[in-house]
Structure formats: C-alpha cells, structure tokens
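As they're listed, the protein sequences go chains A and B.
Mapping the first sequence onto the UniProt record's numbering, position 472 (from 1) lands on 472, and the numbers just tick up by one.
Mapping the second sequence onto the UniProt record's numbering, position 312 (from 1) lands on 312, and the numbers just tick up by one.
It cannot be assumed that every hint is accurate.
Quick list of in silico lysine-lysine cross-link-like pairs, DSS-like style, CA-CA up to 27 Å [unchecked claim]:
hint, chain 1, residue 1, chain 2, residue 2
1, A, Lys667, B, Lys324
2, B, Lys643, A, Lys366
3, B, Lys647, A, Lys324
4, A, Lys376, B, Lys643
5, A, Lys657, B, Lys366
6, A, Lys491, B, Lys667
7, B, Lys637, A, Lys370
8, B, Lys491, A, Lys324
9, A, Lys643, B, Lys370
10, A, Lys195, B, Lys657
11, B, Lys667, A, Lys324
12, B, Lys366, A, Lys643
13, A, Lys144, B, Lys324
14, B, Lys95, B, Lys81
15, B, Lys491, A, Lys667
16, B, Lys647, A, Lys370
17, A, Lys324, B, Lys144
18, B, Lys324, A, Lys643
19, A, Lys607, A, Lys568
20, A, Lys370, B, Lys324
21, A, Lys144, B, Lys212
22, A, Lys212, A, Lys275
With the C-beta cut set under 7 Å, the calculated list includes, among others, these residues of chain A facing chain B [claimed, not checked]:
hint, residue
23, Leu152
24, Val183
25, Asp184
26, Pro190
27, Tyr282
28, Phe284
29, Pro294
30, Val484
Residues of chain B placed beyond 12 Å of chain A at every Cβ, according to the derived structure [unchecked claim]:
hint, residue
31, Tyr155
32, Ala533
33, Asp539
34, Ile553
Hints are computed from structural coordinates only; laboratory data are not their basis.
Glycine included, C-beta positions come from ideal geometry on N, C-alpha and C.
As a plain string of letters, each chain reads:
There are 2 protein chains.
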Amino acid sequence: MRFVRALNTCAFSLRRRVISTHFLHCSLLKPYIGAHHFSVSGTMAAVADEDSLRRALAQKQSSIDVQGGAVRQLKSSGAAKLDIEAAVQSLNALKLEKASIESQLQTALAGAAGGGSSSASRDAFRQAVVNTLERRLFYIPSFKIYRGVAGLYDYGPPGCSVKSNVLAFWRQHFVLEENMLEVDCPCVTPEVVLKASGHVEKFTDLMVKDEKTGTCYRADHLLKDFCKEKLEKDFSLSAEKAAELKHILAVLDDLSAEQLGAKIKEYGITAPDTKNPLSDPYPFNLMFQTSIGPSGVSPGYMRPETAQGIFVNFRDLYYYNGNKLPFAAAQIGQAFRNEISPRQGLLRVREFTLAEIEHFVDPQDKSHSKFSDVAKLEFLMFPRDDQVSGQCATNLQLSEAVSRGIVNNETLGYFIGRVYLFLTRLGIDKDRLRFRQHLANEMAHYAADCWDAEIESSYGWIECVGIADRSAYDLRAHSEKSSVALVAQEKFSEPREVEKLVITPIKKELGLAFKGNQKMVTEALEAMEEKVAMEMKADLESKGEVEFHVCTIGKNVTIKKNMVSISKEIKKEHQRVFTPSVIEPSFGIGRIIYCLYEHSFYTRPSKAGDEQLNVFSFPPLVAPIKCTVFPLVQNQKYEEVAKLISKSLTAAGISHKIDLTGTSIGKRYARTDELGVPFAITVDSTSSVTVRERDSKDQVRIDVEKVASVVREVTDGLSSWADVLKMYPLHSSETAEE
Amino acid sequence: MRFVRALNTCAFSLRRRVISTHFLHCSLLKPYIGAHHFSVSGTMAAVADEDSLRRALAQKQSSIDVQGGAVRQLKSSGAAKLDIEAAVQSLNALKLEKASIESQLQTALAGAAGGGSSSASRDAFRQAVVNTLERRLFYIPSFKIYRGVAGLYDYGPPGCSVKSNVLAFWRQHFVLEENMLEVDCPCVTPEVVLKASGHVEKFTDLMVKDEKTGTCYRADHLLKDFCKEKLEKDFSLSAEKAAELKHILAVLDDLSAEQLGAKIKEYGITAPDTKNPLSDPYPFNLMFQTSIGPSGVSPGYMRPETAQGIFVNFRDLYYYNGNKLPFAAAQIGQAFRNEISPRQGLLRVREFTLAEIEHFVDPQDKSHSKFSDVAKLEFLMFPRDDQVSGQCATNLQLSEAVSRGIVNNETLGYFIGRVYLFLTRLGIDKDRLRFRQHLANEMAHYAADCWDAEIESSYGWIECVGIADRSAYDLRAHSEKSSVALVAQEKFSEPREVEKLVITPIKKELGLAFKGNQKMVTEALEAMEEKVAMEMKADLESKGEVEFHVCTIGKNVTIKKNMVSISKEIKKEHQRVFTPSVIEPSFGIGRIIYCLYEHSFYTRPSKAGDEQLNVFSFPPLVAPIKCTVFPLVQNQKYEEVAKLISKSLTAAGISHKIDLTGTSIGKRYARTDELGVPFAITVDSTSSVTVRERDSKDQVRIDVEKVASVVREVTDGLSSWADVLKMYPLHSSETAEE
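Bound-form chain A, shown alone (with noise of 0.2 Å):
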C-alpha cells in the first residue's frame, strides 16, 4: 500500500505492491501466491476445511503422544504382553489416523492452489506448453548462445508472427475502431518527466543482499517463500501459527521495509543459495538508468510504461482533435523494468510490450456513445462487495454492472466490454477470464474506478489489462511540473454566471509592510484557495489582523485589514476551464499472448496411438502462418501446382508454408499442428485440391483456382469454416490424413 495510496500514476507501473487482504484474488503484478493464491470457487470451504484439518491434526498428534507415554508406561511397569500389545495397537491406529488426516491435508492444500487440479498436473501441462513454445522457437531466452539473461526474451518466428496479428487486430479494434489517435515515442526519457510521474523516487522494490557475496533477493519474495513452504511442508504447524503465515502473505504488500526486515529476522530466513545472513530490506528503483548526452549532467531513463509519452502530448492531440472531448490518444511500445530478481518465465520480464489507451474525457460527464454496443454483454465480474464478503465472480451482464454504479461509469464500463470482445475473440476461453475490481486499498486514492482482466494459467489468475479511471491526476501532475497547462475548455453556448472568489492585494500597504518581501506576500496572497480566504477574511473583520504562513519566504507575517481586499463577486463566465479525466486501458502483449498459449494447447493421440501430439487451436485471426501446402507425393506437376498457390496465397497476403519435403502426410500435420496452423492444402491432383482443418481434421475438395481466395475469406474473418463446410464437398481420404 505504501506508494499505491499515495501514487500509483499508471497501470501496470507504480502498482508494484498491492494488498491482497482476504488473499481472495492474485496481486496484480505478483500472481504468484501459489499455494495461497485460492480460485475463487470454493474458496471460503477450502479456508475452513484446512483449518478445521490442522486442528484436528494437533489433537491427534497430542492423542499418540499420550498413548505413547501409556505403552512406554506399561512396558517399564512390566504389564501384561496382552495389555502391551492393546495399547501398541490403539498407537498404530492414531498414527494411521494422523496419516490419513495429513493426506486430507495434502489434498486440501494442493485443492486450494489449483482450483482443482493438483499443483504437480498444473506444473505438468505447464511444462508441456513451454517445452513446445520453446522447440518450435515461439521464444528463444535472449543472447542464450551466451547463457542468457534472465528476464529478457526473444520471440522467435512463430511467436514473432502471433505478436504482429495480436497487435494488428489491436490496432483495428481500438485504433481504428474508435478512431484513437496513435502516437509513438521514445523509450529514452529524461529524469524531469519520470520525476513529475513519480516513478523516480517511489518506483521501488524492496531489496535484501546476501551479507558475504552481494547476491540480491526481493526481500517480499523470500517471507513470502517461507511461509508457503511452511504452510505446504510442515504438518506439524498449529493451526495459529498456520493462520499467522497466512496473515503475512496476505498483507505482505502492506508491509514496510522495517516490518519486513523485522519478519526475516523474527523467523531466521537466510540467503537462500548461501544461507549467509541478510541486510536490512532498502528499495531499489527499478528503472534502467542511463545518462543522455555525453556530459554525464542528464540523467535518463527507459520508459517504465509508454503512457507519460501521451500525457506530456495532451496539449497537441487535444488541438489535433478539434479541442473537443472526449478522444482518446493510444501507444504501442517497449517498457523496460529491471527486476531484483526475475521468475516466472515469460509472465514476468525486464523488457515487454505495452499497449495503452488514455481516453481522455470531461469529469462531468463521464457517458459514453457507444456504451449500447457493448451493454448486452455478460460475462466474469468480480466486484470489491463479492471480494470482500467472500463470494465468488458472477456473470454479471454491464449495462447492469454500470445501472447498479458497480462499474462507476459509462465510458469504463464501454472499455471493459470492449476489452472483453478484443480477449475472447483472439481465444481468451471465457470462462477463464474475469474482471476484477480493485478493493479500496488497492486504488490511488485519487483513482475513481479500477479494473482487471484476470486471464487463468497454470501460474493462477494474471493480470493482463488494467483499465482505470485515474481522474485528473497525470494531467495535473505534468502540468504542475512542466508550467504548461494540461486542460480542456467547454465553451458555454450562452454566458452562465459564476459565484467567484476575489482577492486584491493593497500594493501600497504591503510594500511598506513587507518592502522586499512584498512580492512573495502578494503572490502568497492571490494563491489562497477559497477555504483559507474566507478564513482569512472572516478572522481580518473579526480581529483585524491574523497570521499568514509565507512559504517562499519561509516564515509567518501579520496581515492587516487593510492590506487584502477578499470577496465574492457574481462573473459572467463564457467557458469553462477544467482538466479532462483519464480513462486509461493498459495492455501487457506478452502476458496475453502466453495465456493465450496455454488456452490454446491442448494433446491428442496419433493416430496410430502410440503418441500424443501438441496442437495449438489458434483462431486464424492469431495463428502465426495461416496455410501450409504441399504436395500429396513428390512429384513435379503437383509441386508445380503447389508453387502456383503459394504464389496466389502470397498476393493475398496470406502468411503461409509450402513444403516440398517427402515426409509423410501424418507427420507434416503434426509439424504443423504444433505451430497451430488453421489449415492444410494437400495438392493431391491437378485440378482441385484437399483442404483439412487442424482442430475437426474436416477435409473439403476446393479447385485450385478458388483455394487462395476461399482461404483468405476463411483468414480474414468474412467466412468461418461452417461456411465452407457449406459449400464444399466434405472428403475423406485414406490417403490425406496420417
């Protein structure tokens, strides 16, 4: 809470610790608790149940203890064998009942981590999609040749080819859609900008080292290791000291530097590699810095985000439109965060992709025109009431979410359905994608709404957009710092009147008062706002002269009645002068493609059963090559044919492979199913072709002519494959599959 409170200018930047106090959902960039990060279903039975087993757990163990003592009694007394044998035997049964509790325990635990599905079964389908992502160079670790560096990632070329489709269908459903104004700014940004956001003194994360070797450590990461550990491993832990544990990981955002500090010390947690002692926890920035110019004097960062790039442009766009509002303003781009300690995989780098929207809009009238697009829509919300008391996301429909002021307003409520149709339709399963309200403690205190697509992995729920409701803040921070005025102006059609506040300074009373100070007086003077006027003017009627604090010339001095003039006066107003609110969308790329990697991939049997094979069921709109075609067998007349199509499929701009290599059939689907390619052109004559799609295995005959063009209406979206089903003749061939 520390810096989300007091700052927490942009998604996916200063939100770095955020309270999950009932543990009920992941921290947004720190999804993940693991074991403690519970699924929402079920949450609140697998809470009691753990309980309710460490309990019954202590008594049993306290049960055998005392039944212990009686047999090593009975033998020293030199009982009866028979008694002896009883008493073993009432032994052996409470420890079996104690194992079987333990196992209870197990599965309740490893319940509660997955929703479900073990923890090891997660780990397993984990592996299995990152082990086909990185064989078939989806992504490649960078500068891996030199045993990489963790945290930085290639895409390669298939992973490469879905970024560029996710980006472009981003472009088309928001850019192009809303008619957004797209900008493109550097990475390299000088202090002066990252100052005014705040990212220079509160972008921190806190650090412990390992005293002897330097090594450095997330100080949260390591309590929060120990308690998990803890909490899974050791059974003997009383139910207390098991809600203790569970208290820190709940509130473990929460915590300061000292209470950290003081926590690893209270439980002896040491470097984990060295089992060295450990410094006090102290926040490292977490920006790359570097110096701009070769003097030294300018120090610079890489942009942690891409959005202050578009506020420090308000000025200009706001002209670019017209001066009307609202209208939005939209980034594509690299931020650069140079984590403690990276893990995670590709959930959670030093280099990735933003995609942000700042929708800027007047603070009075926060509907949207489009909002009846999109208020039918029902999906997974999870609002701060349901978090709170312990419910679980419900299907709520928005027009709904924003009548019932759940959804604070039209224009978030529109971004969130929108955000809805962009996931869904690049293959986000909807039933694993949620959107959750921020709690109270976790917004800035000036942020108005705050949402979050939640996408489900294997890692648990992720954040992958933020969409919040920032109200004027980054506006009126820039403006502060840069002088430039950051506001938008409503013209009145006709003059309105305006009740405004007065202030005269009596120049000639104050520069005998004050002589050289004068002018910092009269400055101070005009700066009261409305409040400490009135104040000011009531105490001057009342006494005659009050106290004023002059913070330019850093003392109090006395001002008289006559001195200051302050009153209300009735103005004619023509326009009204305000800072615009921000509606601020934010997309992690990378997060969403890798979720969409696992929502993709599924196994299933060769045909001759003796395998499972990967396929990734990307939508056509996703896949990274759209088409393969080859011939059925080598041979120059289907070859030709081949090379013919992939010509057509070329002009069409349809991203494609042809593959004249003699591999069988069977093989070159599964090659293919693998990279997830929608669809496969088998030349098997010369005047039509066999067309399979990779999920049904349907085959349809196409003539050669139309293939290209059928295939592009099928790639573009204008036709789904019913549709050809409809029109082409279904096939089944011996030959053309496996």
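Since the structure of chain A is provided, determine the placement of chain B on it from the hints.
Coordinates of chain B only, in the frame set by chain A:
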C-alpha cells in the same frame, strides 16, 4: 577509416567515419557536408570553376593593390587632376570586376552545394515541409512541454500511421514474399554481446570539451564547420588555402584524434558558444549504457542496431529452417545512439527504428533463385570506379551490373533490386534515388561488397538503406566469444576424399621432457595451423629439433623429432562444415520516411489564387488516412449516409476520417490534402456520392453501397484511380470543389 577497416561490424553501426576522398558523395551517416557535398552532375565543372574564380579574384585583388598604389602616388606627387581621375576610374572598374567575380564565386559555391538549386531555396523548401509536418503532428519534438531533448522525436497520429504503413509494407515485401524468419529481440543487451561485435571498444565518436563550461562537441563537426565557413564566406582565401581546407573536409573521417586536435589548434578553433579553449579530442562511446539487475555488476547497453539479436540466434534459426541454406532472418525494432550533439533534425536522432535482414548463404554459392525477377530493372547506380574517376551515377541494368562484376554477386544484386522496388513503391522518386557502391577504403576488410541506397533530399544525398555482403565476420566473432559453433553443414551425396593434416604428439616423450607442462605443450602442438605444422615438420626433418612457443606457459620449448609426428593423410569426408556468409540489407525507417515526406510535398495555389496550399502526394499504400467522408451540407440525411459509409470503411479496415463540421468543402479539402489523404467522399445525395482524388482533383460519382469497396480496392492496390475513372462517370460539380 580508423575503425571502418578494423571493424565495421554492421551497416548503420560502426561505419560512422567514412572516407570521401573525392568528396563526390555524402559520407554515409554524415550527409550534411553542405557546400562541400557536391551533387553528382557537374561536380568536376563546379570544382574547376571555383578554383579559377578564386585565382581570378586573387589576381584582381593584386591589380587593385597595384592600381591603388598608383592612385596614391599620383595624388602625393600632385599629378594632374585628369590623370588622377583616370586612375581612380580604372581602380573603380577593377573593384567592380572583383565584385562581379565574387558574386560568380558565390553562385558557383551555392550551385556546387545544391546541385543547381540554391542553398537558400533548399532551406526554404525544407522549412515549408518541416513546418507542415510539425503543425499537422506528423512528428512532435519529444517531451516538448519540458523543452524537449535534442535528437528525440515522437511520431504524432499521421506520422505514426505512415510509419505503420511503411512497416506493414516492409513485412509484406520482404518477410512474407521471401519467407524470412522474423524475430523480435530485446533492446537491453548485455555487454558480452557488444564486446564480441566490437561495439564496446570501437563504437565511438571523437569529442572535445569546452575547458571552462564542460560543454561537449564533436571534434570533426567543429573542424568541418570552420572549413565550410571559410570556404563559403572568405573570398580572400587563396586557391591553395581553399584546396587545403577542401582536402581536410575530404579526409575528415580519416583523421586520428591527434590529427584532429592538431588542426583545431592550428586554426585556433574555440568553443562556438563561449569562445573558450577546447580540450584535446578523445573518444566517446555512443551507446546508452545501463546496468542489468540490482547488483550493479552486469553492465548492459541499449542496442545500437538490431542485427546482433539475429546473429546470436543463428543456430536455432538454421535448425528452424530445416538445417538448410540460404535463408534470411529479419527484425524490426528500436535502436539507440547517444549522439554527442545531434543536428539535422529527423535525420540524426538518438532513438530510431531499424528494419534489418540477415540473409545467410553458402560463401561458395551466392546465386539467387529469384534473381531473374529483378534482373531487368534499370536504375541509377554509382559504382566505385565511376566515383574515383569523377563520373556521374548512371542508369544500369541490374543483370548487367552483376554479369560485369560491378555488383559482387547475384544475392547482393537481388536485394539491391528488391530495395529499389520497395522504395519506389513507397513513393520515393526514382530520379532522386541512387545505389552508391562503397569505395575500397570505406569498407571493412572482411566485406565483399557494399552498396547504399541514397535518397536525395534538401540535406543532400542521404544513406537510407545499406546493403552489405559482410562475409562470415559476424558469425565468426560470436562463435569465438561464445564458444558455440555458428556453422552450417553441407552433406555430400557421396563421400569426398580430402587431404587432412594429422598431428600426433608422442605423449611419452613429451612427458619425459616437460613433466607438469606436458598437457599445455601437447595442446599447443595439436592446435597448430597447417602452415606452422608443415614448417615444423620440415625443420624437424632437416635440423632434428625446433624452438616452439607455447602461449599457455608463456615461453619457448624445444621440440625434438621424436616428440611429434606430423603428416598429411587422405581422408573421406561426408560433409563440409562452414561459416555462412551474411548479406545484410539494413533500413533506417525514419530516414526513409523523412525523404518520403520531402519527395511527396508540393504546393499549389488555392482556387482564389490568394494563397499556396500544401499537399502530400502519398500513394494510398503510405497515406496515414485513406479517405475522408463528409456531408456537403449539415443535414441529418446526409450525416446518416456519411455514418453508414464510415461504418463500411471501418469494417473493410480502411483508416478514414468523418468530418461533420460545417466548414466549407474547399477548406476541408485543403486540410486533408495537407495530410496526404488520397480520396474524399462528399455526400451530396442519399443514393450516390462524389469521390475526389487528391492530386488530379478528378471527381466521379459512385453509388453509396459500392463506394467503400471501390475505395478499398484502390487503397489496397487491387485497382488504380485510372481503373476507377474507366468505370465511373467523371463528374464536375460547382459545389463539390472549392
């Protein structure tokens, strides 16, 4: 030359100092030599002209001196008034003649600089382009409200859109059509990678500091500015002195730190802003440095080019390509250079987008299967020999350039052709595009051949694409440093007999002689290259023993005949293992876009003739917005039609703008012409609408239902405006235009 020869690891990278001995061309990354950067045509004539004019000027000055002396003598000797007047008249005539020569010289200098157009008119043209670009937010100086950072620019909405379009076309034209493997690597790069590539040691510019204020300058810039200024403005300069200064400009990039420093001292050059003395020149590394991770012990840099990310992945990409050559990998991404003091606006920036291709090929076979597709292309080429002999760039057919050996090989030629097609399809004027071959001393020692696509702009000829055959340099450098073999194999269909060197150290004898050092001596013997080994063999046979340096023990040892057997044997080999050559086309996207702006910009009078209107004649492929839609008059029916058309355009993925303001049609056209919008749809009825083409101002009438698909076909390049004119009646409307 300093490290061009030594290193030059990549186009756009280390090739920072380039020799231009004949100053016939722009130095590649420093195309602003200005007055001394002669245009191709008429260069020699201009030089001769300038020279003779300077000599004539000097002669005239000495005549004036003589005549002035005569006048003074006549006056002091009290000569006749008439005689004095006659002498003064002669003197004035001489002065007039001198003024006339000065003016001729001025013209000659301006002509040499601008290739005909005067420097002033080029500056005015550039100013008009840049003003329009900035006013319409094609670009914005980054962090403008904080007074910006030199060398950093944002792309505003239309600029961002142009950039997206250029990159999308690049992907279609290169990645898709050539089946390249696209990758996406991080910008943050660990030091080890950039040490291997040579950037850590050599990627520097020479800098001098104001000794009092510490302000930094590029040493070569100061010397260049001095010489330029002298040559342009000092008409009293002797032809000899002028030749000296020109020589300096020509060899500027060759000068060592010491030579630069000596010249700065000799000419008394001081800090431009303060006139303070300057430090000696010293190298400044141009990479932005940072630190990876929290410990501070892992230095890293923001990559200065994208190529290294591809090289380090060679092994995986080769495997992905089925262990087959040739193949190409491609990458689009940000690159960073911490320029000492960036000048030249959008052409020299500190962060920019590169698009790079690394085409890996067997060094023994650089033919290209698709060369015939480009062989017949003919365009301006500027071979090395023509530059040296003072010729001009000439139109050459690519097939001829390759067959005559001007271009080193087919693959290089193929890419030159593809780059030509890419640039001209974007809208680069083919008459202001040339391919200039590097001079022998411009190329790195390992490079086989190198050509730059140079585009002529108001700054002169600008290198926008480098196309280099870099041989095996890069892969070898990373193989060595990483100890991972970055090689390819060619499997022979039948085993081949190869003569192989066999070195067999006799361990027993070596052990007796060298004891603890035996292992090091043995390894050193085994590691001998063929030449060394055969010399040793000969020496051992003739002398019986030989001195041998073992670097691992740091001294010479005596090897005797019985300690090693060296022979050549015939072996059967089943494959050839080799390091592939790489051919690298490297595109500076920002530079291409800037040149495109200049080539697309023109002005034309408004209808009333009272002002000049700006137009960007972007082809639809590049245009930031493809089409505008507006009702002729504000009217609900027309607005509905406009919205309907807008919806169809969105569905077709056509970026467009709907304008419902009541502004006059003429003004709306002017506004959109200035953004380079190729088509405007004016709704002037509910059944059919008027479509106007930007450059011709032609108008046709098209049915409301059809208009979106017609516009889509033209903007997608499936048909041309000429096709549209054939299909639909030309329409002349008083109301629709201006």
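Hint-by-hint comparison with the structure:
1. Lys667(A) / Lys324(B): Given pair Lys667(A), Lys324(B) holds - Cα atoms ~19 Å apart, limit 27 Å.
2. Lys643(B) / Lys366(A): Between Lys643(B) and Lys366(A) the Cα gap is close to 23 Å, so the pair holds against 27 Å.
3. Lys647(B) / Lys324(A): The given pair, whose Cα atoms are some 21 Å apart, holds under the 27 Å limit.
4. Lys376(A) / Lys643(B): holds (23 Å)
5. Lys657(A) / Lys366(B): Status holds; Cα separation ~24 Å.
6. Lys491(A) / Lys667(B): Holds. Lys491(A) to Lys667(B) sits at ~23 Å (cutoff 27 Å).
7. Lys637(B) / Lys370(A): Cα-Cα ~20 Å, so holds.
8. Lys491(B) / Lys324(A): This hinted pair is violated, its Cα atoms lying about 67 Å apart.
9. Lys643(A) / Lys370(B): holds (13 Å)
10. Lys195(A) / Lys657(B): Between Lys195(A) and Lys657(B) the Cα gap is close to 37 Å, so the pair fails against 27 Å, i.e. violated.
11. Lys667(B) / Lys324(A): Answer holds: Lys667(B) to Lys324(A) is near 19 Å, not above 27 Å.
12. Lys366(B) / Lys643(A): holds (23 Å)
13. Lys144(A) / Lys324(B): holds (21 Å)
14. Lys95(B) / Lys81(B): Measuring from Cα to Cα gives roughly 21 Å; hence the hint holds.
15. Lys491(B) / Lys667(A): Between Lys491(B) and Lys667(A) the Cα gap is close to 23 Å, so the pair holds against 27 Å.
16. Lys647(B) / Lys370(A): holds (13 Å)
17. Lys324(A) / Lys144(B): holds (21 Å)
18. Lys324(B) / Lys643(A): Distance of about 19 Å is within 27 Å: holds.
19. Lys607(A) / Lys568(A): This hinted pair is violated, its Cα atoms lying about 86 Å apart.
20. Lys370(A) / Lys324(B): violated (53 Å)
21. Lys144(A) / Lys212(B): violated (47 Å)
22. Lys212(A) / Lys275(A): holds (10 Å)
23. Leu152: holds (5 Å)
24. Val183: holds (6 Å)
25. Asp184: Holds - the Cβ of Asp184(A) comes within 7 Å of chain B, reaching about 4 Å at its closest.
26. Pro190: This hint holds: Pro190(A) lies near chain B, its Cβ roughly 5 Å from the closest one there, short of 7 Å.
27. Tyr282: This hint is violated: Tyr282(A) lies away from chain B, its Cβ roughly 10 Å from the closest one there, beyond 7 Å.
28. Phe284: holds (5 Å)
29. Pro294: holds (4 Å)
30. Val484: Holds, about 4 Å.
31. Tyr155: Nearest chain A Cβ is 4 Å from Tyr155(B), so the label is violated.
32. Ala533: Holds: least Cβ distance 30 Å, greater than 12 Å.
33. Asp539: The claim stands: Asp539(B) keeps its Cβ more than 12 Å from every Cβ of chain A (closest is about 39 Å).
34. Ile553: holds (29 Å)
In this structure, the hints that do not hold are numbers 8, 10, 19, 20, 21, 27 and 31, in rising order.
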